[in-house]
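Residues 150 to 513, numbered by the working numbering, are exactly what the sequence shown covers, in order.
No lab work stands behind these hints: they were computed from the structure.
Among the clues, some could well be false.
Ranges of calculated distance between the beta carbons of each label pair, as one might list FRET restraints [what the hints assert, rightly or not]:
| id | residue 1 | residue 2 | range |
| --- | --- | --- | --- |
| 1 | Lys-402 | Asp-436 | 39 to 45 Å |
| 2 | Gly-438 | Lys-274 | 45 to 51 Å |
| 3 | Lys-341 | Glu-237 | 42 to 48 Å |
| 4 | Glu-294 | Leu-399 | 24 to 30 Å |
| 5 | Tyr-442 | Ser-472 | 41 to 47 Å |
| 6 | Gln-424 | Gly-456 | 43 to 49 Å |
| 7 | Ile-281 | Asp-436 | 32 to 38 Å |
| 8 | Asp-397 | Glu-237 | 55 to 61 Å |
| 9 | Lys-274 | Glu-294 | 14 to 20 Å |
| 10 | Asp-397 | Gln-293 | 26 to 32 Å |
| 11 | Gln-360 | Ala-435 | 43 to 49 Å |
| 12 | Met-423 | Glu-372 | 22 to 28 Å |
The C-beta atom is built at its ideal place from N, Cα and C for all residues, glycine as well.
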Amino acid sequence: MEYSLIAIFSFILGLLLYHFLFNKSEPVNFDGLSKDIHHLLEIQRKDWEKGQIDLKGVVNPLSENLKILDKQIREIETKREGAYKSLEKELEQLGLAQKELHTTAYDLESALRSSSTRGQWGEMKLENIAKIAGLQKNIDYTTQETIHRDGSDIRPDMIVNLPNRGCIAIDAKAPLKSYLNASESQDETIQKEELVKHSRAMRTFMRSLYQKEYWSQFENAPELVVMFIPLESALYSAFEHDKELFDDALKHKVLIVSAVSLIALLKSVHHGWMQVQLDENTQKIADAGRNLYERFLKFNLLFQDIGKKLNTTQTAFNKAASSMNARLIPSMKKLKDMGTGSEEIKTSELLDVFEESEEDKHLS
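Given these sequences and hints, build the entire structure.
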């Protein structure tokens, strides 16, 4: 619109200059000029009004859309603030949980430095694994059972009962001091030295288990003792720094296992007990079937004897009935005809008697 006004005024100014320069001899007709200018202004006014209407048609919907957009932005902002507050609470709780976890880990690490506490922790984890495998305490396994040998006492952490009166000893004690020192240190050289010490301590403990010879105290036990390491990372670290540790342990009749390997081993034992129980149940079923068959034979003999006696009774009944029908009833009818009675006397029907065949006679 501004450019249109500038164009109109420029046009009017041009007309004035034209009349002034080229029509000096003629007087300027200001009335006609005024009408032209008025006409042009009227046209411009109409264009301006039409432009205003068109502009409102564009601006008004845009204003409504902007209001809707502003409302949506405010709602999103409100939700965002609520989400930020919820996220802030979650982060705060996560921080507290992490702090508690750090405290717990520190307490656990401190506790594991004590040999007695470390032993109790290993025994507790060992018993939990036995329960997970499906074994029952004092039935499938016993704990802390003292064994007397050569004037001394030995006490494995667990004795697992095997089928056919076998058993296997498990020890859950393990050296972890050097491994914990390596975990705390930030110096790579110190870490390596401590881990090497840890693998050596594992080997020394493995040899001590072999020297105890738990299997020699039982009549039917495999020549093997299980060395359970409760902390899997410590076990893998020992294997990493002593590649021959596992093979040498097997040569010395010591099986080194982690929690996963021990679960698999005890699951196999539990499966063996299930097979034994299944075999026992199968034998019981066979014995029960045999006893039932023998009892049925006895009952069948008694039942046949009852049948024979019933057949004899029926035969005796038929003889008595035949005699009564042939002799007594005719005499009774004569008495009735003489006036001694009024009711009709019926003859007795004979019973069907089973005639025993020659084959049945032979079997009986």
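Here's how the hints hold up against the structure:
Separated by about 40 Å at the C-beta atoms, Lys-402 and Asp-436 satisfy the suggested range of 39 to 45 Å. A hinted range of 45 to 51 Å for the beta carbons of Gly-438 and Lys-274 is consistent with their spacing of about 46 Å. A hinted range of 42 to 48 Å for the beta carbons of Lys-341 and Glu-237 is consistent with their spacing of about 43 Å. Restraint check, Glu-294 to Leu-399: a C-beta distance of roughly 25 Å satisfies the suggested window 24 to 30 Å.
Between Tyr-442 and Ser-472, the C-beta spacing of about 46 Å keeps the proposed range 41 to 47 Å intact. Against the hinted window of 43 to 49 Å, the Cβ-Cβ separation of Gln-424 and Gly-456 comes to about 47 Å, which satisfies the hint. For the pair Ile-281 and Asp-436, the supplied restraint of 32 to 38 Å holds, since their beta-carbon distance comes to about 35 Å. Taking 55 to 61 Å as the suggested C-beta distance range, the pair Asp-397 and Glu-237 conforms, at roughly 56 Å.
Our hint of 14 to 20 Å for Lys-274 and Glu-294 holds, since their Cβ atoms are close to 18 Å apart. With their beta carbons about 28 Å apart, Asp-397 and Gln-293 fall inside the hinted range of 26 to 32 Å. Taken as a hint, the range 43 to 49 Å holds for the pair Gln-360 and Ala-435, whose Cβ atoms sit roughly 47 Å apart. For the hinted restraint 22 to 28 Å between Met-423 and Glu-372, the CB-CB distance of approximately 25 Å keeps it satisfied.
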